[in-house]
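Colleague: Sequence:
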Amino acid sequence: MTAPTIGSNGMTPRIGRMPPLALLLAVLLQACSSAPPRTDPVYLQQLEQQAADGSFDSAWNAAERLEARNDPRAIPWYERAAAITPWTFRNTRAELALGRIWASGTLFHPDSPHVDQRVALRASPRKGERWYLAAAMHGNPYAIAELAKFHRDRGEAAAALRWDLRATIYERSASGSSGLPAAIAPSGGALHPLVRDIQRRARNGDAEAQVDLGALHEKGMGGVDRDGTEALHWYRRAADQGNVYGQYFSGLLLGRGSSGVTRDVETAAAWFAKASAQTFYIADESHWREAIKPPFWTFD
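Heads up: the sequence shown runs through residues 1 to 300, numbered per full-length UniProt numbering.
Don't read these hints as lab results, they were simulated from the structure.
Just so you know, these numbers come straight off a predicted model, no measurement behind them.
C-beta atoms are modelled at their ideal positions from N, C-alpha and C, and glycine is treated no differently.
Among the clues, some could well be false.
Below, a list of computed lysine-lysine pairs in the DSBU-like style, where the Cα atoms sit at most 35 Å apart [said to hold, decoys possible]:
1) LYS127 - LYS149
2) LYS149 - LYS293
3) LYS274 - LYS149
4) LYS274 - LYS127
5) LYS293 - LYS274
Cβ pair distances, simulated, as ranges [to be verified]:
6) PRO295 - ASP40: 45 to 55 Å
7) SER187 - GLU156: 14 to 24 Å
8) PHE296 - PRO72: 37 to 47 Å
Start from the sequences and build out the full structure, keeping to the hints where you can.
Modeller: Put into structure tokens, the structure is as follows:
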């Protein structure tokens, strides 16, 4: 048998002994691997059996119940709910939930000794934005507001302004958290840089910027004239490129007859139909007819 090699310090290395750090890591790994499941396997099997019918309600129920247990297996169920066909406005609820989960890196669950409180997942702003955007592009008003907050919290002023403007048009007034209109007010006789950039890109054919510029004109923000006709011009330019917000806001402006535009519900309905065809659920007739009703108060 070969004798063990003598080390440089003259000592014979100990055989079969694990260094303290490696031993600690091994203990921790063993503890993690032996941790109890977040959701009882029998209960999990019941949820999966109940959700086997392929309906939105069953997928949503499974997702919510798993989330309440701080179990990341809720995510695939939310994804399944978001993809259920035939598509309805409820799909956007699942998209919104996925945006919230990934943006925050947390699952909604009670602070209870019966719920595993270990960290369940790591935040992914990229995934959070993608799901928020999916919900917003399907017409979910809450997603519009969440996207504005998401970008504002990350210091992304141009993107935050875009979604704050869209929320402002839908809600008829700006939210307090947006800082509008003061956030983009002219300074020293010059337009705000964000407003100048919107104008430049809109004139160069950028459909998203055309919607932004239309919103600025509809509300008279950022030092541009309040002019409903000009707003409609820019909305229509975006709409003609297939932009769903251009289509929806064209319908909204005509249906409400605001900012000096003559009310034309028939033409508005045609624009709403185009947006609805892109699974933009607030452009469905039951929603847009409510949205064009006169408010209790108006600043027009």
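Colleague: Any of the earlier hints contradicted here, and which numbers?
Modeller: none
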